[in-house]
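**Q** Residue strings, one per chain:
Number of protein chains: 4
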Amino acid sequence: MSEKSVWKPAFVTRQREDLTDAEARALICELCHHFYHQGWASGTGGGVSVRNGERIFMAPSGVQKERMLPEDIFVLNREGEVIEPPQTPGLKVSACRPLFLHAYTLRNAGAVIHSHGIYAMLATLLYEKNFVITNQEMLKGIEGVGAFDHHEVPIIANTAYEEELTNSLEEAIRAYPKAQAVLVKGHGVYIWGRDWMHAKAQAECYHYLFEVAVKLHQMGLSPAHGGLA
Amino acid sequence: MSEKSVWKPAFVTRQREDLTDAEARALICELCHHFYHQGWASGTGGGVSVRNGERIFMAPSGVQKERMLPEDIFVLNREGEVIEPPQTPGLKVSACRPLFLHAYTLRNAGAVIHSHGIYAMLATLLYEKNFVITNQEMLKGIEGVGAFDHHEVPIIANTAYEEELTNSLEEAIRAYPKAQAVLVKGHGVYIWGRDWMHAKAQAECYHYLFEVAVKLHQMGLSPAHGGLA
Amino acid sequence: MSEKSVWKPAFVTRQREDLTDAEARALICELCHHFYHQGWASGTGGGVSVRNGERIFMAPSGVQKERMLPEDIFVLNREGEVIEPPQTPGLKVSACRPLFLHAYTLRNAGAVIHSHGIYAMLATLLYEKNFVITNQEMLKGIEGVGAFDHHEVPIIANTAYEEELTNSLEEAIRAYPKAQAVLVKGHGVYIWGRDWMHAKAQAECYHYLFEVAVKLHQMGLSPAHGGLA
Amino acid sequence: MSEKSVWKPAFVTRQREDLTDAEARALICELCHHFYHQGWASGTGGGVSVRNGERIFMAPSGVQKERMLPEDIFVLNREGEVIEPPQTPGLKVSACRPLFLHAYTLRNAGAVIHSHGIYAMLATLLYEKNFVITNQEMLKGIEGVGAFDHHEVPIIANTAYEEELTNSLEEAIRAYPKAQAVLVKGHGVYIWGRDWMHAKAQAECYHYLFEVAVKLHQMGLSPAHGGLA
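Chains as they are written, first to last, in the numbering used here: chain F, -3 to 225; chain X, -3 to 225; chain C, -3 to 225; chain A, -3 to 225.
No lab work stands behind these hints, which were simulated from the structure alone.
Keep in mind that a hint or two might mislead.
Which copy? The list can't say, so a pair holds if one copy fits it or any two copies do.
[As the list claims (entries may be wrong)] Here are the simulated BS3-like pairs of lysine-lysine, each with C-alpha atoms no more than 30 Å apart in a straight line:
id: 1; residue 1: Lys125; residue 2: Lys211
id: 2; residue 1: Lys174; residue 2: Lys88
id: 3; residue 1: Lys211; residue 2: Lys88
id: 4; residue 1: Lys125; residue 2: Lys174
id: 5; residue 1: Lys88; residue 2: Lys125
Only chain F is shown next, with the shape it has when bound in the complex:
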């Protein structure tokens, strides 16, 4: 093979926890780009926030998530105050701010993902108050959960403004200590983890399980039982 044969990863940020500020900014852009192409962040919706020690990195509101650049990113403290505005003028911090902060405060999360993935949204309409599933290998990917556990994710009602979700999201996080996510009816899902890699893995497992539930329902099998009787 020629020198062409040295494989290079498409995404360049390695599997690391310790990030410089520049890397944290680039990482958010890279993840938003990736999530957009997975259908989690279209129409300027969805997004991701990463905490680097006491510094919280967050995307601006209402922009095309797949085209963000590092100079568009806000830095906040753990109280949610902007301590470094983006270099790009005219941007406002994401409306998800108070929701992301709850995961940081109540669960000591290292990263939070908000997704409008269509199967996440559809799964909220299959169940009344909680998403429930069992008998699925992908449950092992959820922190502290086994393949044969009955795993529940709370579903809260949607509101006219994103900020109005804050109280019910807080209640749901407290009421479901085993869940790493909160679903919002007709809207999508918030998912967190102890760092960006963990949050991303949780998000991939949950999105897989939401799609499984919808497809099992379409096949006439019971989503709550993971397709087994």
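Given chain F's structure and the hints, the job is docking chains X, C and A onto it.
**A** Then chains X, C and A, alone, in the frame of chain F:
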């Protein structure tokens, strides 16, 4: 991290309104490439037009949308007359011209997208005269619409030639002032916005909602109610 | 914008009919790569052949279609005899050879595409002897067909060996002069056009229509009527 | 055409059996990246192992499969002992180790793929003990199988820990000598081949057939008969 770790966006046109002519040409190519890979512009169908002040940029007719180059683009005035033909010889301006012009004239749009997205087309067959949906977060992405509004998009009959849609499209735009789109039965959709970023976000939200409607129908839930009773 | 902002197409072969031999070889590799990622050519199946005047370019048999290189391509004459073997040793010409030749001979095609696209295959199981559809805009993309025509594509029985399809494919091509394609039951489809761009556009329109038929069936609507009563 | 027109494959490892160690490491990274984007290896699940003579290359446990680098790869002997740990510190060898070894030992495989592809998992819930299908062209891609054969793939029960699958996987491999794969209920599939190219082709054919079975079921047709009565 090495120098490899500086993330670069796959698409290079930033989130900007002010474009040079060269940028407007490149932008149309880039967007057509993107829309092709999203399934909105296969089989030489679909397309996008961008207005830069008084100059309207438009793709040629019947070409592979993902392979267009900046030298293939037409420039028209607001009356729809070609004021700069493309450098590439032998091209004809898109048959969508009169339809795009209606959105520019009646709504002062800054960009118009025409899509054959399969869920847009299928959604036209689920409803008689209007697409209707509510209780969906993605409705917030549509200009002036809230998540709990009953949002309607007109569906006009298809015609043997694209130009024959002109009158019914004009009527539909006038009759549905809250819609940012017109669906065409068994065909697809026209969507516009105040600039290319806004039009693209509208298009992403509408395509999401069209897919939701079809999938809710398949799940035995009511599309018009967004899956809620 | 910086120099980054000059958009470049992902695929580099322009929209041209006149090709050098080197370009024809590269084009086949590029199209196979593209078709693989569209799900038309997985598991070493599917493929494409391009005719450049009297020289017919064809992929080898049983190789990973997305990893072919220009030196893997065979050149045949119009009788189907190999006139230039590939530089890469140990390759055999595609088993599709006699099937591709029929499209070249009977329809004077400039390119032929063989696809295992899952909706093409599934569509063969929805109908007895012919795929039929109408009331679909994408029909306009098929040579000589209008959106309101009842368009038919023959479906022939599959055989144990690809070469055994030769006679029934020839019969089907002769019996359906308005079709640009022949479906094979439980297998896939052969599609052709006057040059590679035309064949590719035909293939994109047909694959869209096959998917529409399957999805309409799942929605409880009539595929043969394009979802209209 | 300009120099831009020389097509280059996205993936650089050619269709070769003979690999250097560096190439084997790069190949595993490249394939994991590819499988992640096909939905076979999300949430740190799934993976691939390649045997180069007596040296077995294997990915680490619990990492993002699309971001692995050559320095993360373990080398094992045919008894499954680590003979070269990865350069990257802190990694553990994949929990699939004993399962991969069974395919190497019992079938003299050259590569083994483990996938969580959603249609593979869903197919395990459509059938009791074996996946069965016939009348499908893609069956020809499975080693020693014809399009009209009734092909069976065993489905074993899932377990709380991946290692606990070892015995039942061994039994299933011995009991189904014509299968190149073993499905795991509510989990996914193990697939092997005589080298990495063959294993990949088997995996693509099987995943196609699993998706066909689920979609035929949704269409009201018989998956076991490949949609034919």
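**Q** Indicate which option fits the pair Lys125, Lys174 if close means a Cα-Cα distance not exceeding 30 Å: within, between, both or neither.
**A** Within one copy only: 16 Å inside a chain, 33 Å across chains, cut-off 30 Å.
**Q** When Cα atoms must be at most 30 Å apart, do Lys211 and Lys88 count as within-copy, between-copy, both, or neither?
**A** neither (38 Å within a copy, 34 Å between copies)
**Q** Are the CA atoms of Lys88 and Lys125 at most 30 Å apart within a copy, between copies, both, or neither?
**A** neither (33 Å within a copy, 39 Å between copies)
**Q** Within a copy, between copies, both or neither: where do Lys125 and Lys211 come within 30 Å Cα-Cα?
**A** both (20 Å within a copy, 21 Å between copies)
**Q** Reference check for the pair Lys174 and Lys88, CA-CA at most 30 Å: within, between, both, or neither?
**A** between (33 Å within a copy, 26 Å between copies)
Checked against the numbered hints above, the structure breaks hints 3 and 5 and satisfies the rest.
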